Amino acid sequence: MRGTLLYIGQRLVLIAVTTVLVSSIVFLLLHQIPGNAFLNETRQTPQALAAELHRYGLDLPLQNQYVNWVQGVLHGNLGESLVNRQVKITPLLVRETSVSATVGFFALLVTVGLGLILGVLAALRQNTWVDYLASSTAVVGYSIPSFVIAIFGLLVFGHYLYLWTQGTFYYVPGWGKLEQIPVPALALGLPYASYVARLTRASMLETIRTDYVRTAWAKGLKARVVVVRHALRNALIPVVTILGPLITGIITGSVVIENIFGIPGLGKEFVTSILARDYNIVIGVFTFYAALVGLANLTVDVIYPILDPRIRY
Amino acid sequence: MAQAAPVIQPDLELSYEMPEQVTLLSDAWRRLKRNRLALVGAVIIGLLFVTALISIVWTPYPTWLQAVGPTYQPPSAAHPLGLDQAGRDILSRIMGGALITVQVGVGSAIIVSLIGIPLGLLAGFYRGKVDTVISFFINIWYGIPDLLVALILVFVLSDALHLIPRGVLVIVIAFSLTRWMDVARLVRGQALALREREFVEAARMSGARDFALLARHILPNALGPIIVQATFAIPAAVLFEAFLSFLGLGLPSPTPSWGAMAADGYHGMDFAPHIVLAPTIALSLTLMAFNWVGDGLRDAFDPRMRR
Numbered sequence: 001m002r003g004t005l006l007y008i009g010q011r012l013v014l015i016a017v018t019t020v021l022v023s024s025i026v027f028l029l030l031h032q033i034p035g036n037a038f039l040n041e042t043r044q045t046p047q048a049l050a051a052e053l054h055r056y057g058l059d060l061p062l063q064n065q066y067v068n069w070v071q072g073v074l075h076g077n078l079g080e081s082l083v084n085r086q087v088k089i090t091p092l093l094v095r096e097t098s099v100s101a102t103v104g105f106f107a108l109l110v111t112v113g114l115g116l117i118l119g120v121l122a123a124l125r126q127n128t129w130v131d132y133l134a135s136s137t138a139v140v141g142y143s144i145p146s147f148v149i150a151i152f153g154l155l156v157f158g159h160y161l162y163l164w165t166q167g168t169f170y171y172v173p174g175w176g177k178l179e180q181i182p183v184p185a186l187a188l189g190l191p192y193a194s195y196v197a198r199l200t201r202a203s204m205l206e207t208i209r210t211d212y213v214r215t216a217w218a219k220g221l222k223a224r225v226v227v228v229r230h231a232l233r234n235a236l237i238p239v240v241t242i243l244g245p246l247i248t249g250i251i252t253g254s255v256v257i258e259n260i261f262g263i264p265g266l267g268k269e270f271v272t273s274i275l276a277r278d279y280n281i282v283i284g285v286f287t288f289y290a291a292l293v294g295l296a297n298l299t300v301d302v303i304y305p306i307l308d309p310r311i312r313y
Numbered sequence: 001m002a003q004a005a006p007v008i009q010p011d012l013e014l015s016y017e018m019p020e021q022v023t024l025l026s027d028a029w030r031r032l033k034r035n036r037l038a039l040v041g042a043v044i045i046g047l048l049f050v051t052a053l054i055s056i057v058w059t060p061y062p063t064w065l066q067a068v069g070p071t072y073q074p075p076s077a078a079h080p081l082g083l084d085q086a087g088r089d090i091l092s093r094i095m096g097g098a099l100i101t102v103q104v105g106v107g108s109a110i111i112v113s114l115i116g117i118p119l120g121l122l123a124g125f126y127r128g129k130v131d132t133v134i135s136f137f138i139n140i141w142y143g144i145p146d147l148l149v150a151l152i153l154v155f156v157l158s159d160a161l162h163l164i165p166r167g168v169l170v171i172v173i174a175f176s177l178t179r180w181m182d183v184a185r186l187v188r189g190q191a192l193a194l195r196e197r198e199f200v201e202a203a204r205m206s207g208a209r210d211f212a213l214l215a216r217h218i219l220p221n222a223l224g225p226i227i228v229q230a231t232f233a234i235p236a237a238v239l240f241e242a243f244l245s246f247l248g249l250g251l252p253s254p255t256p257s258w259g260a261m262a263a264d265g266y267h268g269m270d271f272a273p274h275i276v277l278a279p280t281i282a283l284s285l286t287l288m289a290f291n292w293v294g295d296g297l298r299d300a301f302d303p304r305m306r307r
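Protein chains in written order, with this note's numbering: chain A, 1 to 313; chain B, 1 to 307.
Keep in mind that a hint or two might mislead.
[To be verified] To be clear about the criterion: a stretch of chain A counts as covered by chain B if any three or more of its residues have a C-beta under 8 Å from a C-beta of chain B, and this derived list gives those stretches:
#, segment
1, 144–157
2, 247–258
3, 281–293
Calculated directly from the structure, the hints in this document are not laboratory data. Computed from a predicted structure; not experimentally measured. For every residue, glycine included, the Cβ atom is placed at its ideal position computed from N, Cα and C.
The following block holds chain A by itself, in its conformation from the complex (with noise of 0.2 Å):
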């Protein structure tokens, strides 16, 4: 146990460093670039200019501003949004990490769930109609890319289904609603769950050949006892691992599917902030992608030796 907090720690350390190496690379790129949010607006005298760069630090040379920069995220403070005076950006985007970590939950669900029954059925029922019907499910759903799946997502469920059911029920896109998360979850989530699916196809086949999950047929155990207990469990190891890729591979695809979606979580923000020019947004929000991933990684090698006791630290 005291083993298992000492790594966490240090993995932690790991997180906060790498977090604030990848924003200090954005950071410094962002910085490079000749002009600011403040020259697009008009009839500005280069007194006004001079001030507003002043009120945020910018007129600072860029060591200062760095400093000044990597204090304010280890205190919690990534700085003030450039476009929308007064907005403070660490709140913003608490508030939309939620928005984006629901979605992503849900995904994943989608991912995991859909993966492991399709995966675990296929295996099951190796070379039957079962088998080929999910095997080709997966090895086709996987090269469909989530903006993709979304595009036929918003035109089956919102434009056909309101013709079907003359439009008493239908997917609006938006946030807010209970109802407006499956679309998104299924469209960011479908795509690994093929590739979960082929995966833990592969890993079953050779978990239900193994001793111990014939001895447990053997014993007169239920189905479910072997199946779930015996070989699901050991099956899931390989899964596990690929997991950690696939958060980082959810999160980014997040960016795409909120912008089709009109959620406003901070893939919107991202891509509203880099057009704008919004770079302390565009900052902050890379320091909470880096972080986002990290712990999203530790959260999983946490996972893995629960299920593979084999596994130490």
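Assemble the complex: chain A is given as a structure, and chain B must be docked to it using the hints.
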């Protein structure tokens, strides 16, 4: 009478001693041919390349030409895939998009390999401090949301600093700078394993220099996995370009990028779904084909993976 029949045994024995000589590539090719999904993928990729080549010299209409007919016109005999919201011929634009897809995919695969192979070889061959430094960077890079950094790189390099015009090149560079780790990590592992093998040791004993060892003994033996990894970089890069162009941050407007075409059609989806269908289907098929061929190549180069 006493004449004995000629003995032909040795010939037979010889054929036991020496199995048919096969090179890495011909062996892989033989296995690849048996994989039907990979063959279908290869045919699709072949079509993609041919279409891309044709589009250089000929498309039914110029890809940028607007109002060749009524806007939003559904598929007809004159325009097999219909016209988009600006009255441009979608078939021509799909063909032009094939060229862009090929450029982005192949370009990225090459640059990713050019960055990843030397770094991986150095780390795996010299080990020690060199390996520590390179592995540190590989691990840091794995921790970042790659697509988002690439997105910012495209923006900074072309829009803000005007170093590279917003086009295929900047996308390839941004992608490669954020995705070189896969190849590097793979080559590092291969080099670590191969440097201990007898034939490398023998070459070293006979006085081969480090460079010769790396270039003539280690790299050729790691080629199979490298080809597989580079193949998987192609769909990733193609997807990245589509992703950027769909968000409006990729290739500039008249360029017939499939991602941008999907974004164009997305707004008129309710009454003209053909605009969004053509590019998304083309994109999905292409990604599928590359993934299938990649899977096929992986199985072909790695006999242990055979099912």
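Non-conforming hints, listed in increasing numerical order: Per hint list: zero violations.
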